[in-house]
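J.: Listed below are the residues making up each chain.
Number of protein chains: 2
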Amino acid sequence: MTEQAFVPFERLVVAGVGLMGGSLALAARQRGLAKRVVAYSRRLETANAALQMGLVDEVSSDFSQALENADALFLAAPVAQFSALLGAVDAGSYPNLLVFDAGSTKANIVEIARQLAQSRPGVSSPWFANFVPCHPIAGAEKHGPQAAVATLYEGRTLVVCPHADNDAFSVARVRQFWQAMGMRVMDMEAHEHDRLFAAVSHLPHWLAYAYVHSLLQAPTGTQDMQEGGAGFRDFSRIAGSSPEMWVDIFQDNQAQLLAHLDVFQASLNQLRDALVRSDRQKLLDELTRVSGSRKSWVGH
Amino acid sequence: MTEQAFVPFERLVVAGVGLMGGSLALAARQRGLAKRVVAYSRRLETANAALQMGLVDEVSSDFSQALENADALFLAAPVAQFSALLGAVDAGSYPNLLVFDAGSTKANIVEIARQLAQSRPGVSSPWFANFVPCHPIAGAEKHGPQAAVATLYEGRTLVVCPHADNDAFSVARVRQFWQAMGMRVMDMEAHEHDRLFAAVSHLPHWLAYAYVHSLLQAPTGTQDMQEGGAGFRDFSRIAGSSPEMWVDIFQDNQAQLLAHLDVFQASLNQLRDALVRSDRQKLLDELTRVSGSRKSWVGH
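For the protein sequence lines, the chains are Z and E, in the order given. The numbering of the first sequence is the working numbering, which starts it at 1 and goes up by one. The numbering of the second sequence is the working numbering, which starts it at 1 and goes up by one.
Don't take each hint at face value.
Which copy? The list can't say, so a pair holds if one copy fits it or any two copies do.
What the hints assert, rightly or not - Think about it this way: if two alpha-carbon atoms lie no more than 27 Å apart in a straight line, the pair counts; the simulated BS3-like pairs of lysine-lysine are:
| hint | residue 1 | residue 2 |
| --- | --- | --- |
| 1 | LYS35 | LYS295 |
| 2 | LYS142 | LYS282 |
| 3 | LYS142 | LYS295 |
| 4 | LYS282 | LYS35 |
These are calculated hints, taken from the structure and not from any lab test.
Please construct the entire structure, taking both the sequences and the accompanying hints into account.
T.: Structural data, given as structure tokens:
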């Protein structure tokens, strides 16, 4: 992948300046990737906090006004707000506005955008060609502008999911932007993205939540947990993640999550059956395959 | 808990000198808790490796001979070997031998020992009064004498599960030994121990194995895993644990594990039901309770 020089954005609007948006704003300023960074938030106090912390150059409480003369819009708000935000883009006229996002699911977001873009027959919606779905694989358990750090994206993976109607130049420009942020950029089809992340991210979160949920059924649950060691600590860590964010992800990627959950259930049944039958050899064979595979994991 | 001065063992036999036994042997020598430490292993090469690495003072290939003049025996072999090892103790005559162990389950081990001790009517089995069931909450993914470190137990928790026929002095002496190893000592009834560790240790291991098992059902499973981030890494880490050791633990604590698995299944069903009904509020309520509880976890 050749890294081309990135021509800075003139005016980058960041909608949602929590951990993801705030970190992107700060990094873009520090790396000189945008001449001016504007914060928009439904809650003005959040945008003002971002301004005070030096994450952005400017704050706007009027989304349409913020987009005037902007050449880039980064959506880092909760996915539940995407309809309203993209609706405002659709209602205005910003033919040269590049739009990209940080949503953890992709097929549903492309679908929301496509339906908005096609909702007024006869009216062309050039913005849709410039909407480039993205998923930066970065994050933390903390949230809010206070949690923003310029290094959040550095060295991490960015998945870009171009859609059929995308303008090739817009996709290339978004790719260059993320590379200039220090990220490894991967291309993936939106449904394949959702399948993959259901497997390696959404399902583990779901299971960690369900596991801690089951402990809380015992009157001594919270107390029992305190006796957990390093295995417990690591296995259950993601059960402390933001419920608001994860309920949205689970709903947004429901079909893929349920499909993976069915496969998990089949594995659970198969292993339980071997345990009940005290079939030591069967358990040993299956778990040896599992542990060998996990031990060969390298990750990025 | 007052920490009394520990009078060193004269001759401590360590049966099984892998990670647990080897680390205990080394720490006991370094801390002056045993004048002489003897390694016994079914595989002489393991015992010799421990000797070469300076973990022990002496090696014996004859278990009964090793026990002559010994005043303490630490069982760190796989639990499957406990019957044979305790059988040899029972067959010999070591009235002053203190026996303690590192098994991850306790009720079944107490039962094995009790049955051996009661197997010859009319013959008194004084060793059973001196058998003090223990579970040091320490470990690592590595194994073998090569993995042994003197600091393995330091600062960790030791659960001692005295049985009804225990000699109080023997229990006190074992407690003092572990405290002198730098451990926090907790008392727990054996069945309560097994219930608690089924919840906070055995079930998470079981679920981590089942989760990775389910990923391997997809032809792309191993490849998919590589895209996992920090959440995947931590959640699935324990699926890389030793299958031999864990299959034994799952079998040894089958009833408790199955009971907890049933509770987990109920939680999983309840949450899945809310997801399928798109009952956002229900999911949010449940996961908020879960995440709050997990975030308040402190651990030791």
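J.: It remains to establish, for every hint, whether it holds in the given structure.
T.: Evaluation of the provided hints:
1. LYS35 <-> LYS295: neither (46 Å within a copy, 39 Å between copies)
2. LYS142 <-> LYS282: This pair counts as between: shortest inter-copy Cα distance 23 Å, intra-copy 42 Å.
3. LYS142 <-> LYS295: between (29 Å within a copy, 11 Å between copies)
4. LYS282 <-> LYS35: neither (62 Å within a copy, 44 Å between copies)
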